[in-house]
Amino acid sequence: MGLPIPPFAVDLFGPDAVIMKGVNGLNWRLQDYVARGGYAGLKKILAEKIPPEQIVNELKKSALRGRGGAGFPTGLKWSFMPKQYSGQKYLVCNSDEGEPGTFKDRDILRYNPHSLIEGMIIGGYAMGITVGYNYIHGEVWDVYERFEEALEEARAAGYLGANILGTDFSFQLHAHHGWGAYICGEETALLESLEGKKGQPRFKPPFPASYGLYGKPTTINNTETFAAVPWIVVNGGDAFLNLGRPNNGGTKIFSMSGDVARPGNFEVKLGTPFAKLLEMAGGMRDGRKLKAVIPGGSSMPVVPADVMMATDMDYDSIAKAGSMLGSGAVIVMDETRCMVKSLLRLSYFYYEESCGQCTPCREGTGWLYRMVDRIEHGRGRAEDLELLNNVADNIQGRTICALGDAAAMPVRAFIKHFRDEFQYHIDHKKCLVAPYI
Amino acid sequence: MNAPMMLSPDALAKIDKAVAKYPPTEKQSAVMAALTIAQDEKGWLSTETMDFVAQYLGMAPVAVYEVATFYTMYDLKPVGKYKLTICTNLPCALQGATAAAEHLKKALGIGFNETTADGRFTLKEGECMGACGDAPVMLQNNKRMLCAMSPDRIDQLLKDLE
Amino acid sequence: MLEIELDGKLMQVAEGSTIMDAASQAGTFVPHFCYHRKLSIAANCRMCLVQVEKAPKPLPACATPVTNGMKVWTHSDAAVNAQKGVMEFLLINHPLDCPICDQGGECQLQDLAVGYGASESRYQEDKRVVANKNLGPLISTDMTRCIHCTRCVRFGQEIAGIMELGMIGRGEHSEIITFVGKTVDSELSGNVIDLCPVGALTSKPFRYSARTWELTRRSAVSPHCGLGSNLTVQVKQNRVMRALPRENEAVNECWISDKDRFSYEALNSEKRLARPMLKRDGNWQEVEWPVALEFVAKELQRIKGTHGAAAIGALATPHQTLEEMHLLQKLLRGLGSGNVDFRLRQADFSMDGKRAGVPWLGMSIADINTLDRVLVIGSTLRKDHPLIAQRLRQAAKKGTEINLLHAVDDDLLMRIANRAIVAPALLPQTLAQVVKAAAEMRSVAVPEAVRAVVVGVAVADAAKRMATSLTSGQRAGVFLGNFAEQHPAAGELHALVQALGEILGCAYGFLGAAANSVGGYVAGCVPGGRVPGKNARQMIEAPLKAYLLLGVEPELDMHNPRQATAAMRQAELVIALSPFQHRATEYAHVLLPIAPFTETAGTYVSTEGRVQTFAGVVKPLGETRPAWKILRVLGNLLGIPGFEHDSAEDAQREALHGKSEIFNKNNKLSNTLGVPPAAGGGLLRIAEVPIYAADALARRAPSLQQTRDAQPPVATLNRALAEQLGLQPGDLVRVVQDGGEAVVPFAIDDRLPADCVRLATGQPETAGLGAAAAPLTVERVAQTQKVAV
Ligand SMILES: Cc1cc2nc3c(=O)[nH]c(=O)nc-3n(C[C@H](O)[C@H](O)[C@H](O)COP(=O)(O)O)c2cc1C
Ligand code: SF4
Ligand code: FES
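Read top to bottom, the protein sequences are chains A, B and C.
Here the first sequence stands for residues 429 to 865, numbered as in the numbering used here.
Here the second sequence stands for residues 414 to 575, numbered as in the numbering used here.
Here the third sequence stands for residues 472 to 1260, numbered as in the numbering used here.
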């Protein structure tokens, strides 16, 4: 057992892959990465002494948007880092992948760790930062260990550490592991956790760009965001943009899970139709009918089948469909799935993972969960759906961090699209669809 | 007076290595690593162990306690020789985790957060482990991830751990 | 300045303000729980949500910075709707037990729920129950009521400087807790009772004893340390029920120490002396006031007649009021004796006759926050001056460099930039090094007055670092603490500090051990002037025939308890005025019950020279009388002119010469000092007064006496000395000084200087020992065989 045996198909991540191109599950080491053209971006920058602003400009051109969930333009974020700041600044990678349905960063870390390392080194160069940390989800310990190994390789080869490749540019990078707290994926909770505290999000402003790790200016990006940087540096921002659509540049790794025949990660161009992605994942398992899709990780609103089948996979299209691309975790549900039960599991998750500091989330997630639990178990009341929506309203937009929203949005979307199922549970004390396990 | 050394030189060396990752004034950053290392060595985190970590890193004991109780993979009570944590979150559930969890409970004769009478197994319900594509997913003693845990693979695992 | 519109009104606010600041400025109340102006912003309760133009969602007023042109509505429908939503969340898991909750009537949640709560709960699920915690003898818990505002946690981290409380767990399972099995021991801990907006943390001593609306609130001034904390004393049926801070930004801000808060318990104690007592034929008898006072007058006349007036001495504690001390010295001088003093713990009086004025802090208390360089000499700040320590802690956080020269290295819970921990005898020498180094760095001559002691010293690294720190700032301050003031070479320390002040061009002064450490000088309760007299030390060293003790417990209050006790025992007449029964019964001839600070009008002059007058808040207990009245009557009985005072106010006016301020605050010493006595060899004692042993009230407050700070004394020494003595764990040590001894447990502290034994004074267990700073011997008392049960 241990690491699952990787499938050895070279186009494991799909024919359009650029970040994961040529990755076969075994070739994760430095020499393999270099053989695939890795570290060329870094070498180019150092050899040609490319001005940092130019790298940020290329990123802006590329329309690369944050892959961690919020989809913030990366080039713009990098330009926020104060240039003249004389003290220590920090670069942080968010590998705390815990959003249910998301498992792409794990594959980058275990199958292609150097793409991330190179991306972060370039980030350090572009923003004048000399120290970075990668915060890795606690549950994927083997991946943490492998990443440490990859760091050693990069240090030994002179790509990482003091005087990189003989230049006067230095960058230190360390791995830090979590230990079981979804909230640490939220960037300021992550910083608190890195500082050795509970992962409780900070109120913003101030934003990390001015008050981040140890109170110093800090830039935080997702693993996949950093991993895309070397390709952009080598091939140019325009090339990346052209892979996708305007404002939706490049490729994106989608984690396909749920009722599909072949769950896994697929790197496709942004704008790829959902139907195509579903096909890549082997279609619906056991030939069942599609009922609903959560297209961007469990926090995003659920979308009914017909709408989803007509939607393309990019930030703007999914927004139009009434949800969000989020982290690119696509949770597929077939016709046998009970929507009350599905929401119950998600509501339990947010109730369990609320950090507990702010009132609406601490008190509200428990309330939501208990109500959904009642409905699922035949103790629903007539007024419950209104109350659920109202409690969700009282949470959303009133909390310190977006976990409150993440707990509220699914509730509202599930009720909105599948109200009859909820009503049936309340009226008949039982499920409309056949129970599944 | 200094507390007696609670941890082995090996563990302390590991903690020192973690401490070295952070600025010298920010030793506290290593608390999660230190608690993990301590838990690996002691099996769980007793009050004394946490007190020692606090002293070692120059932290208030209650600050260490805050951390130890915030992150779910720290055990503040003794657990069985094998702690099995199974993810039951929605993506995993859609891919057979509910059945796998039921199977585990039956096979071990315990529910979640219980330990078998012989002290060998503790069963826990986990949240998303970021490995949903390999569902059902389980952790053995926090650090070993087990994938595609269908009931027959669970039987195999339990046999291997005998 | 930024211009904003708040609830439709234009206003200007300072850059960097939050919406909450703007609202307070405008006098608009925004409901809140977690926000507290002295604590960091947590923004976790979300009660202060307000509507801001263009913001898609309501924003927390406490944490949202104001921007130019911002439009804010604090009471619009959108704002109130958000606030009501939060209130509903706060109440779903909060018990609705206001009628039995100790916070009832002063609960912020209760108050706000009236305005923002719904009449009926929509929450139909089970409420959360949280186990209570044992936080020690002072704070009682009811954790189910906690609303997770984390004020108590932030108070510890930020104000008290020690994180004793934390919030563990997460989500709905979060709880406020101390580390397993630990109590809350900070000397400022009681403030969390005021900070807790609900009834989760309440006062243990006060618990269930009264409802707020039954209490009358009266103003008072704390009788303990030199700060002069402003208090509100709450009274029910002529009984003091509790003491709370009365906000005064210039003095105690909104805090008080635990000593200020809980020592009121002593006022109601069984140990109060309620009637005058006379010893007749070796037996104590209760008598009427006239009998007692006539006895006193007659006896004083007799002593004066047979031994002369110079055989009579009077001692007062520095916790007595200005009026009492004024009348005491007037009485003595009227009798013809100049023997009067309140500086009971002082060892060195060489400065007397050389002072240019009344010694004081040297600056205002609020000015402490503006210093960027500080040198503290001989003070365990936290315990001696909890709230001055708090101010320095805040300053240190903002970058002020605190330098410490002391004999012990207790954790002061603040960043100490440089420290020199030396044996008591080396304090002056080390300070001389700092003076020398600072003079060199500033390229100025060492002032004449101390040149002789400075030139010869070799400057060690620690002193150089301190001098570098002190000379590099803009505003320095140098402070002498209790330990320095009580040091056998206090005069030399004073002269050196004065020299350092001249070199640095900065203020210097005394931290002021007690409520009236300045007031005693103002009252003239010190020898000097036309009638020559003896100081406190001389009165004890060469015993007198008669002593008048104003509040003094010689075994606990004096520099040399052994000598003091002996002096009392040999006297022909000891008149003890005290609110309490105490050991004076063994040697006194008459006991007169006097009013503590809550039962009399009076004045304290704080260490910054602030004159604070107070009225009694309850009627005197039993036959107790205010001391100023007793002294006035005695003056009359003795036929001394000028005792016609009708009120404490009269006495105060006389003491202050009709002014309401002190004008002769001045720390300057005029002359060169003589060379202090050479320190003896051997082991030296480091004796400090524990925080809850410092005065008669604190000693008799049962709750304070149960804290860790009130534990019986332990002899502390460093490891080398312990090994030399062959000490084994569990052993006791016998400490011998001046022929007196104490047998106490020992502890090891490697930060103590060599050849020193730290053993507190001011406690009964060590009352048989000699002078606080005198040499001693120590020997091992092997662990007694423990019998297995
Ligand atoms: C509750 C919560 C959980 C989050 N979890 C993750 C996560 O696991 N990984 C991640 O990269 N970002 C996560 N985010 C988003 C981060 O806060 C942040 O936006 C992101 O790391 C920024 O990187 P990016 O711009 O490259 O996406 C989460 C946000 C919230 C509110
Ligand atoms: S919204 Fe929830 S997770 Fe986020 S800060 Fe508030 S309590 Fe914590
Ligand atoms: S839902 Fe189980 S690992 Fe993600």
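Hints are supplied without guarantee of correctness; some may be wrong.
Below are the DSBU-like pairs computed for lysine-lysine, each with C-alpha atoms no more than 30 Å apart in a straight line [stated by the list, open to error]:
1) B:Lys427 / A:Lys625
2) A:Lys769 / B:Lys537
3) B:Lys427 / A:Lys644
4) C:Lys1139 / A:Lys857
5) B:Lys537 / A:Lys644
These aren't lab readings, by the way, just hints derived from the structure by calculation.
Does B:Lys537 lie within 30 Å of A:Lys769 when you go C-alpha to C-alpha? Cα-Cα ~21 Å, so holds.
Straight-line alpha-carbon gap B:Lys427 to A:Lys625, limit 30 Å: holds (20 Å)
Does B:Lys427 pair with A:Lys644 here, judged by a C-alpha cut-off of 30 Å? holds (27 Å)
Does the structure keep C:Lys1139 and A:Lys857 at a Cα separation of 30 Å or less? The given pair, whose Cα atoms are some 88 Å apart, is violated under the 30 Å limit.
Pair hint outcome, B:Lys537 versus A:Lys644 [Cα-Cα no greater than 30 Å]: Violated: B:Lys537 and A:Lys644 sit about 38 Å apart, past 30 Å.
Of the hints listed earlier, those the structure fails to meet are numbers 4, 5, in rising order.
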